[in-house]
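Chemist: This is what each chain is made of:
Number of protein chains: 2
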Amino acid sequence: MAETPYAPSRIRALPSWLLGRAAARGHRLVADALAAEGMRMMHHAVLSGVAELGPLSQAELGRTLGIDPKDMVAIVNDLQKDGLVTRTPDPKDRRKNAIEISADGRRRLRRTQQLGDEANAELTAALTPDEREQLIALLTRIALPVE
Amino acid sequence: MAETPYAPSRIRALPSWLLGRAAARGHRLVADALAAEGMRMMHHAVLSGVAELGPLSQAELGRTLGIDPKDMVAIVNDLQKDGLVTRTPDPKDRRKNAIEISADGRRRLRRTQQLGDEANAELTAALTPDEREQLIALLTRIALPVE
DNA sequence: TGGTTATCGTTGGGGGACCCAATGAAGCCC
DNA sequence: GGGCTTCATTGGGTCCCCCAACGATAACCA
Chain A
1 MAETPYAPSR
11 IRALPSWLLG
21 RAAARGHRLV
31 ADALAAEGMR
41 MMHHAVLSGV
51 AELGPLSQAE
61 LGRTLGIDPK
71 DMVAIVNDLQ
81 KDGLVTRTPD
91 PKDRRKNAIE
101 ISADGRRRLR
111 RTQQLGDEAN
121 AELTAALTPD
131 EREQLIALLT
141 RIALPVE
Chain B
1 MAETPYAPSR
11 IRALPSWLLG
21 RAAARGHRLV
31 ADALAAEGMR
41 MMHHAVLSGV
51 AELGPLSQAE
61 LGRTLGIDPK
71 DMVAIVNDLQ
81 KDGLVTRTPD
91 PKDRRKNAIE
101 ISADGRRRLR
111 RTQQLGDEAN
121 AELTAALTPD
131 EREQLIALLT
141 RIALPVE
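Just so you know, the protein sequences line up as chains A and B, in that order.
Letter by letter, the first sequence follows residues 1 to 147 in UniProt numbering.
Letter by letter, the second sequence follows residues 1 to 147 in UniProt numbering.
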C-alpha cells in the first residue's frame with residue numbers, strides 16, 4: 001500500500017482528532033468482524049443490552065446505550081425479524097414494548113461477543129493489559145457529558 | 001431531564017464502544033465551537049495542515065490527514081470560496097493543485113485553533129494534565145493501523 | 001521511443017452513526 | 001378530570017467514511 005507520510009501536524013495532537021481516528025479504526029475492526037455473522041455494531045450492542053438487563057422497553061434500552069429512539073425502532077425491527085428478540089406489548093404499561101432475548105438471540109450473542117472481543121483485542125494489540133485498562137478508565141471519564 | 005440509568009453493560013467496557021462515545025462527544029464539542037466561525041472540523045483540519053505543511057497537493061493533504069479525496073475536493077472548494085486558501089495548478093506537475101493558505105486563512109486559523117483548543121480542554125476537563133497526556137499517548141498508539 | 005503503469009483531481013453512489021421535531025396512544029400527578 | 005409526561009413510531013437532516021470510475025498527466029522501463 002502507499003506510504004502515508006503522516007508528517008507532524010498540530011491537529012493530530014488534539015484528543016478530539018485522535019479520538020475520531022481511533023474510534024474509526026475500532027468501528028472498522030468490530031464492524032468487519034460482526035459482518036461475518038450478519039450483524040452490525042448497534043445490533044450487537046442492543047442484543048447485549050437486552051441479554052443483560054432482561055426484558056425492558058425500547059426507551060430504557062436507548063437510554064442505557066445512548067441510542068436514538070428512531071434508530072432503536074429499526075434495530076429492534078431487524079433483531080425481531082431474525083428471531084433474536086421478541087417484542088411484546090407490556091401488559092403493565094401498554095405504551096411500552098417488552099423486548100426480550102430469545103434462545104437464538106443468546107446463541108448469536110455468544111458468537112458476536114467473541115468476535116467483538118477479538119476485534120477489540122486487535123484494536124488494542126499495541127497496548128499492554130495494564131495500558132488497556134488505563135485507556136478504558138480514561139475514556140470512561142470523558143465519554144459522558146458532565147451533567 | 002430524565003435520569004439515565006446507565007446500568008452496567010458489557011458493551012460499555014469495550015474500548016471500541018468507549019471510543020465511539022468519547023469521539024462523538026469530542027466531535028460535538030469541537031463542531032459546535034467551530035460553528036461560531038462558520039467552520040467544520042474537516043475544514044479546520046485541512047486549513048491547519050496547509051498552514052503547517054506549506055503549499056502541497058490535495059492528495060498529499062488527504063494522506064497526512066486521512067481524508068478521502070472526494071471529501072477533500074468539497075473542503076478545498078469551500079475554503080477557496082471563502083478566500084482562505086488558494087488553489088493553483090502546479091507547474092511542475094500539471095495533475096496537481098498547489099494548495100496554499102492565504103492571509104485571511106491564517107487569521108481564521110488563529111481563531112479556530114483557539115476554539116478547537118478550548119473545546120478539547122472541555123472534553124478533557126475531568127482529567128489532570130498528566131492523565132490527558134497519557135490519553136493522548138495511548139490513543140496515538142492505537143489510532144494508526146499496524147502497517 | 002513507445003507502451004504500460006501509476007497518480008491526481010474530480011464525479012458518482014452509498015452506508016453508518018448521530019441528532020431533532022412531531023405525532024397518537026397511553027400513563028401519571030394533582 | 002385535565003395537564004403534563006412518556007412511549008413507540010415516522011420523517012427529515014448532517015457528518016464522516018469508503019469504493020469505483022474517469023480523463024488527464026506523469027513516471028517507469030524495456
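In case anyone wonders, no lab produced these hints; they're calculated from the structure.
Do not rely on the hints blindly, as some may be mistaken.
As the list claims (entries may be wrong) - To be clear about the criterion: a stretch of chain A counts as covered by chain B if any three or more of its residues have a C-beta under 8 angstroms from a C-beta of chain B, and this derived list gives those stretches: (1) 38-49; (2) 56-68; (3) 76-88; (4) 115-128.
Note that this is a predicted model, so its numbers are computed, not measured.
Where is the CB? At the ideal position from N, CA and C, for every residue including glycine.
Chemist: So, against the hints stated earlier in the document, which numbers end up violated here?
Modeler: Hint 3 is the one this structure does not satisfy, whereas the remaining hints hold.
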